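Please construct the entire structure, taking both the sequences and the accompanying hints into account.
Top line first, the protein sequences correspond to chains L and V. Counting in our numbering, the first sequence tops out at residue 136, every number present. Counting in our numbering, the second sequence tops out at residue 227, every number present.
If you're looking for bench data, these hints aren't it; they were derived computationally from the structure. Quick caveat: nothing in here was measured; it's all calculated off a predicted structure. Using N, Cα and C, we set each Cβ at its ideal position, and we do this for glycine too. Warning: the hint list may mix true and false statements.
[As the list claims (entries may be wrong)] Partial selection, computed: residues in chain V whose CB lies under 10 Å from chain L: (1) W47; (2) A65; (3) T86; (4) L199; (5) D205; (6) I206.
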Amino acid sequence: MSSEHEFDAGSNVGEDRPPGAQAAARERTLGQEVGGYVLGLALAVGLTAASFWVRGTDLVYGPGLAMALLVLAVAQMGIHLIFFLHITTDPDNANNVLALAFGVLIVCLIVFGSLWVMGHLNHNMVPMQDLMNMQR
Amino acid sequence: MSTEALRGADPYPLEPRPAGAHAPPTVTGHGAGGPAPKRIVVGYGFWIFLLSDVIMFSSFFAAYAVLFKNTAGGPAAQELFDLHNTAVETACLLASTFTCGMASLAVGQRSQKWTQIFLLATGLLGVAFITLEVREFVGLVGRGAGPSRSAFLSSFFTLVGCHGVHVTAGLLWLGTMMAQFYAKGFRQDIRHRFLCFSLFWHALDIIWVGIFSLVYLVGTLPPELLP
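So, in structure tokens, the structure goes:
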């Protein structure tokens with residue numbers, strides 16, 4: 001039942017498989033697993049540093065800064081998902097990926113939907129000063 | 001062509017392969033090859049919980065974005081937030097997510113010593129993060145910028161505070177996991193709990209990426225540069 005390396009809290013299927021099923025397609029060595037985490041950490045640190053650097057620099061077009069920071073954040077979230085949460089294209093992961101896609105859809109609907117609706121609401125509202133005057 | 005050869009060509013066979021057959025694995029996650037391993041099922045269930053948690057956070061993010069300019073004459077983000085503090089907090093949480101990954105590899109190696117060392121490192125970095133955050137909150141409240149000052153500050157404290165509460169709960173869970181590994185060893189059910197914990201801890205860092213980027217970095221941009 002046990003093999004040499006059982007990374008069952010990591011990305012590999014360990015001993016925990018149904019009777020008759022065979023080992024995972026790719027057994028990775030400990031070195032490769034550590035390498036994956038180190039690469040993920042390096043990329044995440046790089047993107048974090050880039051975010052703070054972009055925030056402080058004059059080199060980026062000012063009004064584009066917010067969008068640049070958003071893109072860096074989304075990129076880093078992707079890095080975390082792949083290297084730390086091990087969301088991959090592995091068949092074992094198909095259900096996780098589908099659930100993630102649905103989650104992302106809901107998150108986008110909530111965030112952009114709120115901004116959109118509330119933006120219009122603000123736009124169409126009577127300015128506070130006029131409202132005060134009307135009540136006089 | 002024999003049936004076996006045909007099966008070998010089909011990555012998604014309709015029935016499980018006989019146990020002795022020399023062929024590539026058939027556990028595809030599509031229901032072929034029998035039920036998925038418990039590890040996969042546990043991870044999936046917890047992943048659904050995490051996604052619902054992320055959706056909750058997204059509502060807080062939306063509230064913050066909508067209420068950002070409603071400072072009610074009080075202090076705005078530009079004059080409140082200290083980006084050096086945010087950078088150190090980010091470094092703590094990122095390092096702790098890495099040590100948590102190392103701990104999960106140590107669990108895979110069944111090494112009690114390294115599991116405890118890496119979990120302890122994860123916990124200490126988490127405590128450092130919480131300490132910095134509490135210090136920041138106390139400072140804000142002391143300057144009269146508490147959650148009751150304006151809609152902007154209410155949404156800020158709700159969003160960042162909710163993340164802090166998650167990290168605190170994660171620290172309690174972390175302590176429990178260390179005790180369980182120490183007292184009960186690397187039993188399968190304990191390892192499944194730890195799998196959930198590591199997913200939780202990594203997910204908290206993903207939320208923090210959103211917070212430090214959007215709340216702190218975008219939030220402190222000069223008003224004329226904001227969308």
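Each hint tested on the structure:
no., hint, result
1, W47, "5 Å, holds"
2, A65, "6 Å, holds"
3, T86, "9 Å, holds"
4, L199, "6 Å, holds"
5, D205, "6 Å, holds"
6, I206, "5 Å, holds"
Hint compliance for this structure: no hint is broken.
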